[in-house]
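Asker: For this one, chain A is given, so just place chain B on it according to the hints.
Protein chains: 2
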Amino acid sequence: MVSAPPPPPAAQVLVASNRGPVSYSLRDDGGLDARRGGGGLVSGLSAIGAEADALWVCAALGDGDREAVRRGVGEPGVRMLDIEESVHSDAYNGIANSVLWFVHHMLYQTPLEPVFDEEFRRQWAAYETYNRAFAQALADQAADGAAVLIQDYHLALAPGMLRELRPDLRIGHFSHTPWAPVDYFRMLPDDIAEQLLRGLLGADRTCFLTRRWADAFTACCTELLGADSLSGTRIGVHGLGADADFLRERAHRPDVDERLEALREQIGPGRKTIVRVDRTELSKNIVRGLLAYRHLLESRPEWRERVVHIAFAYPSRQDLAVYRAYTAEVQRLAEEINATYGTAGWTPVVLHVKDDFARSLAAYRLADAALVNPIRDGMNLVAKEIPVISERGCALVLSREAGAYEELGEDALAINPYDVTGTAQALHEALTMPDGERSERSKRLAVAATALPPQQWFLDQLRALREGG
Amino acid sequence: MVSAPPPPPAAQVLVASNRGPVSYSLRDDGGLDARRGGGGLVSGLSAIGAEADALWVCAALGDGDREAVRRGVGEPGVRMLDIEESVHSDAYNGIANSVLWFVHHMLYQTPLEPVFDEEFRRQWAAYETYNRAFAQALADQAADGAAVLIQDYHLALAPGMLRELRPDLRIGHFSHTPWAPVDYFRMLPDDIAEQLLRGLLGADRTCFLTRRWADAFTACCTELLGADSLSGTRIGVHGLGADADFLRERAHRPDVDERLEALREQIGPGRKTIVRVDRTELSKNIVRGLLAYRHLLESRPEWRERVVHIAFAYPSRQDLAVYRAYTAEVQRLAEEINATYGTAGWTPVVLHVKDDFARSLAAYRLADAALVNPIRDGMNLVAKEIPVISERGCALVLSREAGAYEELGEDALAINPYDVTGTAQALHEALTMPDGERSERSKRLAVAATALPPQQWFLDQLRALREGG
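Protein chains in written order, with our numbering: chain A, 72 to 540; chain B, 72 to 540.
Bound conformation, chain A alone (with noise of 0.2 Å):
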């Protein structure tokens, strides 16, 4: 099933993660055309470039992927695994996203969902194939006494597999998102649960990205394996910041001006601005977020015709009806709300649905209130970066549920994400932030954000993996 190029000289550090940093599309004419991908975890894992003998190995996403494969097309560095589709699929969509996510982010309807049943076994077996192939492939090229880190949920089950085909590398595992307490760990099948926590103790590392999400973990092992189970893996705790040096620098090019443009005519002179960016995911919380900043110009009528809500929402998920479902709805309440409250000269709530990392930029850049305020996130890198980028300085109504909150915290406006009247009443605080108060908070706030970079976040991690810290 892995198609693979002839193997390149054993590799001293290895990255696997199910998306690689560049992908194939094909061509009309039949040529393939290559894209590095972008963001904070490529751009970190990139890291992994400047070292010798350095190998990503990724799954093939696509038919241009695949074809690349098949072609023996590829860049240095990187080994695409050519995974049977179907395979990829059940592991990716069935399992990963469809269970692994929504148990760590805590997003099940209990009454009915999930059900683990027939359907569930013959994808969980595939999860296990789709793992198998990367623990495979890790073991074919790396050298003697090797660093691998193995990136998230994914790829759970991997550093356990990898471990005995392998027993001389010195395995890392990070996790991206929270992980789950151990009330809903264990709505998981009992083998099940136990093979995922067995999975990440295969690593010497097994990271996260705040000591919440690293204190869950332990409690799931000590609670379903026994206090044991630990004792030969480490906890790591490592949190990705914002690369500030190419925000700065992407936030100024002349796409995101003629953005930053357009948007400012579609605010209107002398508004504020509400600013939130994200996918349209279950546990961003964007329709509370609306519900909010409908209760904001509904019981503080001054704000309105004085402040905007710009709210970029894109899709994720399409295939999955619970997704469509949410995308709808926040649809529906946007223009609700344009509907009650707009005029003819100001519309509320400015909602972009298409993905436009330049305009998110623009957005950021004149951003005076950020509302970030999902149910539960692994750590959430917008939260970082429009301190960043915010040109006035940026007030950040930030939910303590997301993992920045740890180190944002402070210099933040803390919301329970599920309490609707107190976001509303934290936006207003916001919005009416004196202005040094607000410059000072965010220029804390950026510092903050950026300690540890992307780059830097991954070096800490081979580091400590090395020396056995």
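Rather than coming from a laboratory, the hints here were simulated on the basis of the structure.
Keep in mind that a hint or two might mislead.
As the list claims (entries may be wrong) - Here are the computed distance ranges between Cβ atoms for each label pair:
hint, chain 1, residue 1, chain 2, residue 2, range
1, A, 298, B, 293, 46 to 54 Å
2, A, 142, B, 406, 51 to 59 Å
3, B, 320, A, 298, 33 to 41 Å
4, A, 369, B, 320, 56 to 64 Å
5, A, 480, B, 186, 49 to 57 Å
6, A, 485, B, 510, 37 to 45 Å
All residues carry an ideal CB built from backbone N, CA and C; glycine is no exception.
Answerer: Coordinates of chain B only, in the frame set by chain A:
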């Protein structure tokens, strides 16, 4: 708002609960009929009747109750509070059953609910008023140093309120539900979460059905209020048992015999039975129970024609849309199973939705296997009652998320309630358990289930409260 009959002499022992031991209905001729309630809790709390100077404070729940209060009709030792209907409805339906119940049982579809908005705040004020009415009535009628036992999540604020009014009293509180894990409990707005914890901490003793729920409560106190918060309150665990004497007598009256015959006819000769009896409550997991049964018939065709699933699902909270939808799904799925597998002489699922206690007891008597699979349950008395009554000994398939699991786990077949495949496997094991083993286990289950009969359960608490234990 509280209209009282002439005050009885100051009471030495008081019980407070939303529902009292008696209810009134209006006859067509304008007279009032009184009816004593049943069930384990009423039976346990009725032990108060043996105490001199005892008083049971409860809410008037319907027109009959309210009319009884207005006419000054009442049983000795019972005081009904005529709380304004809209206040009662907001407190009982709005807060207790739609928020607190959902939090402690982890029932929310978190991406969209709960929403804590102005409407919630309005209902919360009613919950405070309702609790204050109880606290005031108890304060008015308790003798110096009297013992007061306050029941359940409807009255979580009353202990603290009563403590302020009457520091001399010995106050106990008992939670008949599970308690939420910290990460779920903190969904509640911060001030509300704190009020609830401080309300219970106003008691001298705060009691739970199992160690697990007690630990969850202390974790919430430690995390949200600090470890010091617990210093003034003792935590008790009292696992309410089945009332063996009552059940054995009641289960052999003629009305039960009659229903037993009717059920036998429906089932057909020589067939085994899997029995479940529940309110159609979101936490009871009836839908996954039917899915597990369907999987049993599908994966082990040898059971077709040889087993009948007797499912009694009595309507509950049908004023809430989510409960109506759940009830409809139960009926749809039962019909689907019968349409798929049923034959001329065999109905695979016998579903009854009309509450009939005598028929429930009849089903207990003929059960070969009992299915008790809640996703979360304070105790679950059905799991304790069936082994006491079943005639041939009954294999108990029991969710480990039920409080009863702490006491019955050893002789039950334990299941993860989300694991439909595992539940089907446990049902198969239950049906194939050798007669001798089933009978032995069932006897031990009955012993464990009746270890703390309701009246003893009550008297233990009263003694511990008085002795400061």
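Asker: Is the hinted range of 46 to 54 Å satisfied by the C-beta distance from residue 298 of chain A to residue 293 of chain B?
Answerer: violated (20 Å)
Asker: Using the Cβ atoms, figure out if residue 485 of chain A sits within 37 to 45 Å of residue 510 of chain B.
Answerer: Distance hint for residue 485 of chain A, residue 510 of chain B is violated at roughly 59 Å.
Asker: Indicate whether the distance between the beta carbons of residue 320 of chain B and residue 298 of chain A respects the range 33 to 41 Å.
Answerer: With a Cβ separation near 49 Å, residue 320 of chain B and residue 298 of chain A fall outside 33 to 41 Å, so the hint is violated.
Asker: 51 to 59 Å was suggested as the range; check whether the CB atoms of residue 142 of chain A and residue 406 of chain B agree with it.
Answerer: holds (55 Å)
Asker: Is it true that residue 480 of chain A and residue 186 of chain B lie within 49 to 57 Å of each other by Cβ?
Answerer: violated (24 Å)
Asker: Take the C-beta atom of residue 369 of chain A and the C-beta atom of residue 320 of chain B, compute their distance, and say whether it sits inside 56 to 64 Å.
Answerer: holds (60 Å)
Violated hints, in rising order: 1, 3, 5, 6; the structure is consistent with all others.
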